[in-house]
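Chemist: Chain order of the listed sequences is A and B. Note that the numbering used here has the first sequence beginning at 1, numbered continuously upward. Note that the numbering used here has the second sequence beginning at 1, numbered continuously upward.
It should be emphasised that the hints constitute simulated quantities derived from the structure, not laboratory data. One or more hints might be untrue.
[Unchecked claim] SDA-like, lysine to any residue: derived pairs with alpha carbons at most 20 Å apart:
1. B:Lys111 / A:Phe15
2. A:Lys145 / A:Pro186
3. B:Lys205 / A:Val16
4. B:Lys149 / B:Lys111
Chain by chain, the residues:
There are 2 protein chains.
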Amino acid sequence: MAVYTEVSDESLKAFVAQYDIGRIHSCKGIAEGVENSNYHLQTNQGSYILTLYEKRVNPEDLPFFLGLMDYLAENQFPCPIPIHGIDGEVLRNLSDKPAALISFLPGLWPKKINPSHCYAVGAAAAKMHIAAEGFSLTRENRLNKTAWKELFCELENQTDQIKVGLADTIKEELEFLDKNWPKNLPLGIIHADLFPDNVFFLQNKLSGIIDFYFACNESFAYELAICLNAWCFETNGRFNTTKASYLVQGYRSIRPLNTNEINALPTLARGSSLRFLLTRLFDILNQSEGALVNPKDPIEYLRKLQFHQNISKVEAYGISGG
Amino acid sequence: MAVYTEVSDESLKAFVAQYDIGRIHSCKGIAEGVENSNYHLQTNQGSYILTLYEKRVNPEDLPFFLGLMDYLAENQFPCPIPIHGIDGEVLRNLSDKPAALISFLPGLWPKKINPSHCYAVGAAAAKMHIAAEGFSLTRENRLNKTAWKELFCELENQTDQIKVGLADTIKEELEFLDKNWPKNLPLGIIHADLFPDNVFFLQNKLSGIIDFYFACNESFAYELAICLNAWCFETNGRFNTTKASYLVQGYRSIRPLNTNEINALPTLARGSSLRFLLTRLFDILNQSEGALVNPKDPIEYLRKLQFHQNISKVEAYGISGG
Chain A
1 MAVYTEVSDE SLKAFVAQYD IGRIHSCKGI AEGVENSNYH LQTNQGSYIL
51 TLYEKRVNPE DLPFFLGLMD YLAENQFPCP IPIHGIDGEV LRNLSDKPAA
101 LISFLPGLWP KKINPSHCYA VGAAAAKMHI AAEGFSLTRE NRLNKTAWKE
151 LFCELENQTD QIKVGLADTI KEELEFLDKN WPKNLPLGII HADLFPDNVF
201 FLQNKLSGII DFYFACNESF AYELAICLNA WCFETNGRFN TTKASYLVQG
251 YRSIRPLNTN EINALPTLAR GSSLRFLLTR LFDILNQSEG ALVNPKDPIE
301 YLRKLQFHQN ISKVEAYGIS GG
Chain B
1 MAVYTEVSDE SLKAFVAQYD IGRIHSCKGI AEGVENSNYH LQTNQGSYIL
51 TLYEKRVNPE DLPFFLGLMD YLAENQFPCP IPIHGIDGEV LRNLSDKPAA
101 LISFLPGLWP KKINPSHCYA VGAAAAKMHI AAEGFSLTRE NRLNKTAWKE
151 LFCELENQTD QIKVGLADTI KEELEFLDKN WPKNLPLGII HADLFPDNVF
201 FLQNKLSGII DFYFACNESF AYELAICLNA WCFETNGRFN TTKASYLVQG
251 YRSIRPLNTN EINALPTLAR GSSLRFLLTR LFDILNQSEG ALVNPKDPIE
301 YLRKLQFHQN ISKVEAYGIS GG
């Protein structure tokens, strides 16, 4: 749940008047999402999401994120579409925050994952990778290996208060990844945050993907590594090889994976585990008094990291080789 | 913001199948409201609010609350209408909580109050008082003078940690109200929580009132006393007599107030201040670790109480006598 920026009625009215979307019918804060303030805005013409970008989003990145959604939608990829104002602009200010209006994407995110969800998200990831080809802007992955090291430097003295020995585990993992990080993988734009709450389904079909605010230029296979972590572990911590197999089959049904990409998965999955372990550690150690957000458990990602450390061949994931 | 009860896709689907409202389109948690979990549910037929009643609502009261909304809507009062299932029922279980589906009421609650809002809410309160006449169920005010004493007994030893001397102030006020509480006032069903976030406006017209979960049988004038506190103080603490005058004029445009009712307002306003002071003290002193709710400031209501303690005649509110 986000810490909300309140919007006065006058400024909301003035904001909406800059679009050809009709008269305001209702506007309610949405409880989901932790990065930004999201409102469900209804007018006599339709439903929209109004997003106010809070401090975790760099305003300089917004043209990339909004432009990407525009580009993906043009290429028939199901995602929210930024609404252009009468002046053509998609980005403006509201309550002293950068703000944009996007179309409302119907669907529910799956609370209980089954293998067919995994197949669908794999296929959608591949479709997104292809649909984004040719997009003119680029964005570096600000949460790449270099960033993990910087983040760890900041947190090193505090991590052992979360779990004794954690600093050593992270240090060794950073060294391993430095030596073994896969090279020469096919690159493009990835979503980089394909968790279940960003993937909507309607009548058992994937209806769309939301929240492109971590999208960046990265190796395509890294997206799959994030998905292995986000979709294929059970709540009891057990890895489900059927789900992993469906995820990769779904992806391959749209875009082939070369041997390099397949073989890189265990190392990429270790990197992805470390990325979420570190950002969750940061969140829990920098939790502000009175914030209306329950930080997510970092230890979940330590366990995932330890699982991947014991994988030597992708077959152990239930995935057939390249 | 409420602590949310999560609803699984399967149980939501099974819940919705018990109504003739079409297929689920989306379902998002609403960030407003602290008592219950509210979801904005959209189907291919319309918009609804799905409410899961959390522990602060007594399930035995739900037939009163839902029946009242039904009755008010039948009498053309603008409020959400409980949706009846195919089986005729309005109340059922979802994720182990009592749950109901109500119609979606369009409108925005006013963040910045002007006198015309006060006139409109006064008129709507009077309309509600009249529209509820003849409703067959009754509900005692569980936050009446007797309840304040009980609440204070529980909190007495802790209040001074909020402000030194607060326990004495409350004790003296309880004694004053015991001796001076107005008698023989016209009674009926009141909303009892008519704060701005429960009153919606569309194009400067009041579009409806929500959240009847404190409604009870009480003196009509007590509703106005609550509104004086909720609508007529500026954020700097100053009482705005223009707003109070508009509020009461709005009320009188629909239902006359007798001399007793008018003269009772300062004492009722003291009681209403004490009621919110005590419940806010309770909330702040019983705040659970990790709850996603920012408790409201009790001292705001101590100041309002002190303001009313200095009022001897209603004319000081900007209200003309009875």
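Chemist: Each of the hints needs a verdict: does it hold here or not?
Modeler: To see whether the hints hold, each was checked on the structure:
no., hint, verdict
1, B:Lys111 / A:Phe15, "holds (16 Å)"
2, A:Lys145 / A:Pro186, "holds (17 Å)"
3, B:Lys205 / A:Val16, "holds (19 Å)"
4, B:Lys149 / B:Lys111, "violated (33 Å)"
Comparing the model with each earlier hint shows a violation of hint 4 alone; every other hint is respected.
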